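Assemble the complex: chain A is given as a structure, and chain B must be docked to it using the hints.
Protein sequences appear in the order of chains A and B.
Taking the UniProt record's numbering, I'd label the letters of the first sequence as residues 1 to 399.
Taking the UniProt record's numbering, I'd label the letters of the second sequence as residues 1 to 399.
No lab work stands behind these hints, which were simulated from the structure alone.
Quantities reported herein were computed from a predicted structural model and do not represent experimental measurements.
Hints should not be assumed to be uniformly reliable.
Copies of the same chain look alike in the list, so a pair counts if it fits in one copy or across any two.
Cut-off 16 Å, straight-line C-alpha distance, at most; resulting in silico cross-link-like pairs (EDC-like, lysine to aspartate or glutamate) [stated by the list, open to error]:
{"id": "1", "residue 1": "177", "residue 2": "152"}
{"id": "2", "residue 1": "177", "residue 2": "38"}
{"id": "3", "residue 1": "207", "residue 2": "371"}
{"id": "4", "residue 1": "329", "residue 2": "396"}
Listed here are the chains, written in short residue letters.
2 protein chains.
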Amino acid sequence: MPIVPYSGGSSLEANFSAPYGGLTIDFAHMNRILELHEADMDVVVQPSIQWMELNEKIKDSGLFFPVDPGPSAMIGGMVGTNCSGTNAVRYGTMKDWVINLTVVLADGRVMKTRQRPRKTSAGYNLTGLFVGSEGTLGIVTEATLKLAPIPEETRVGVVAFPTIRDAASTAMQLIRKGIPVQCMEILDDVQMDVINKAGGTGRTWKKLPTLFFKFSGTKAGVADSINLTKNLSKSNNAESFEFARSEREAHDLWSARKQSLWSMMALRKEGSEVWSTDVAVPISRLPDIIEISKTELDDLGLFASILGHIGDGNFHASIMYDPRNAEEKARVEKVVYDMVDRALDMEGSCTGEHGVGLGKKSSLKKELGPETIGAMRSVKKAFDPHWLLNPGKIFEFKD
Amino acid sequence: MPIVPYSGGSSLEANFSAPYGGLTIDFAHMNRILELHEADMDVVVQPSIQWMELNEKIKDSGLFFPVDPGPSAMIGGMVGTNCSGTNAVRYGTMKDWVINLTVVLADGRVMKTRQRPRKTSAGYNLTGLFVGSEGTLGIVTEATLKLAPIPEETRVGVVAFPTIRDAASTAMQLIRKGIPVQCMEILDDVQMDVINKAGGTGRTWKKLPTLFFKFSGTKAGVADSINLTKNLSKSNNAESFEFARSEREAHDLWSARKQSLWSMMALRKEGSEVWSTDVAVPISRLPDIIEISKTELDDLGLFASILGHIGDGNFHASIMYDPRNAEEKARVEKVVYDMVDRALDMEGSCTGEHGVGLGKKSSLKKELGPETIGAMRSVKKAFDPHWLLNPGKIFEFKD
Chain A
1 MPIVPYSGGS SLEANFSAPY GGLTIDFAHM NRILELHEAD MDVVVQPSIQ
51 WMELNEKIKD SGLFFPVDPG PSAMIGGMVG TNCSGTNAVR YGTMKDWVIN
101 LTVVLADGRV MKTRQRPRKT SAGYNLTGLF VGSEGTLGIV TEATLKLAPI
151 PEETRVGVVA FPTIRDAAST AMQLIRKGIP VQCMEILDDV QMDVINKAGG
201 TGRTWKKLPT LFFKFSGTKA GVADSINLTK NLSKSNNAES FEFARSEREA
251 HDLWSARKQS LWSMMALRKE GSEVWSTDVA VPISRLPDII EISKTELDDL
301 GLFASILGHI GDGNFHASIM YDPRNAEEKA RVEKVVYDMV DRALDMEGSC
351 TGEHGVGLGK KSSLKKELGP ETIGAMRSVK KAFDPHWLLN PGKIFEFKD
Chain B
1 MPIVPYSGGS SLEANFSAPY GGLTIDFAHM NRILELHEAD MDVVVQPSIQ
51 WMELNEKIKD SGLFFPVDPG PSAMIGGMVG TNCSGTNAVR YGTMKDWVIN
101 LTVVLADGRV MKTRQRPRKT SAGYNLTGLF VGSEGTLGIV TEATLKLAPI
151 PEETRVGVVA FPTIRDAAST AMQLIRKGIP VQCMEILDDV QMDVINKAGG
201 TGRTWKKLPT LFFKFSGTKA GVADSINLTK NLSKSNNAES FEFARSEREA
251 HDLWSARKQS LWSMMALRKE GSEVWSTDVA VPISRLPDII EISKTELDDL
301 GLFASILGHI GDGNFHASIM YDPRNAEEKA RVEKVVYDMV DRALDMEGSC
351 TGEHGVGLGK KSSLKKELGP ETIGAMRSVK KAFDPHWLLN PGKIFEFKD
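Same shape as in the complex, but just chain A (with noise of 0.2 Å):
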């Protein structure tokens, strides 16, 4: 396939030169989009750009990508840490929306993984293998990626439980019944504070958990959706049940959301940090962890909270603290690593959407045993016997 320039729609093109100046700059920051094929509905591009970048440019073919992880991830990395974000429950994960990549080895070959069909069988899944493989197999150069069509209509909706576990098992049995949403994020009452108190909603939510809805599909789908929602929600003692009144209100609402991070970081003191882990459980068992792991996170007496992407399975902790004061570090240390071990009793994983890096090998090890971990020890030998890319990454080099 030559590699062409983009030449997409001029509002497009033009979009898309002016924040960097020129071609030469573009290509040095690897950040561009090479070829939008709007009828094949997918997209080349190089790993630097950010997903909500490449979504702001390509959004007159009517077309988005959909895998939407924090604000400012870069598709690189995404690939690198096979990303999800709170779209997977209708969309998928990464590894879903990467037709074929372009990879330099560690001997210098370059490599295309596939063509660009959307379907294939055609040999090993090489693309598969690479996303998620944070960086240690070979550098990404170029992704092919697919897009999806923007849905007719969306709408947002926030319903309030008195009790965590009643937001979770609400959850449970949307999934359970398959009633169509494109998100599902459960937020504890000590986030609803944090977006509460970052404001930029224009309204005050309660301080109790919460979960948010986006549904998305035809008019008639999405009603329907939202009523089969309503009536699960009541059944589970929901407190309230309302809507964003406006598309405006919907984007800002969803953006809190999204920010929630950065919002926490914004209220930290000087000095602190936030840990941020995430981890997954068969759908069932998402009840109990949240609610030992609520408990255990409040007994802290620290700024920390529970928020993810529950109709995964999948959740997220955020716990600020003082990484100088060593007490409180072995502290946050011990409920993080007893959440992830909890997570793998109930045969779940150490991450759902982060990775593991350099934090989680030891309970990578716990989670598969010594032979899924050789099996992997040796696609690293196949394709990097020198141990040159990211060394130390997800596990060492002997154990």
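Using the frame of chain A, we list chain B on its own:
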């Protein structure tokens, strides 16, 4: 995770044991359901269970396994080829529905790729690597599969078009607009005749290029999708739009589509064979490749047809020929490989769901080039250095 015997509802258990007559035989055939986790929406199975049998046995749970290749396919083979089927438009392919695999490696080590979370970023995606590896990397002895809720409502619709291009264009536009369909199959005039000859649907269908649709979801959502599909079909010159009048008729109609290969086989003359092949292309190229390939198939003067999963950019050609007639076989071969080359020229794939096996090794080389095949070969070498597992499939030991 301890492997506990399946202990679902009593009717399920009775169904499950009955055909085999006892535990020992069940285990020997490796066709058991080991665990059904209804609340987690997953199931642990042995590889020799057929997907239709699995769905029959778990139907009282309100859940089903949505990957639906040919009626006799077993889970192990479906893992091997990363298969799909008519449901792939909505539900994706095999790789999207496998949570973990237990695999015996070439050196005798037994490994489980994952625990049981539906979402994870913990280490390399070995599950996704083994799915589609055609038995060349390890022997799958157990699989945990995601399940989906059985939709509230399902309707089957049949739309005839004057030309195959009109049918293909309609399919492409529906996908592009994001109109929700569960299935969208294209059948050419020859295939419709096969269905008429096989009987069993209780009607005689027009011998015209036809789209078969399955709509599913909530009642309101289905009604909406049907309406949008009707309008779009009309604007593409649809000749007729008919619905199955009952659940029984819907089932018979869909079975007719699913059985189409067997129906064609049943029409074979003594000594003749059916060559069944598939390709996949970026979706905008579908009308072109289908039109050209259809003309070339017609020109063979044999019993040959096009059908397939047009919503994924993937379709099949089936050709009845006499392998004892060298001239005829050569002409068929030329049409097949010309179609494959055409798909590759369109940045497509030599196979969307059948796999490479022996027959498409040379096409895979054209599709991916030596660097990518080299990377696949290094994976093979890492897992099976002595080339013991399914040797000669996908690619050669040395080229």
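Enumerate the violated hints, using their earlier numbering and listing them in ascending order.
Per hint list: 3 and 4 violated.
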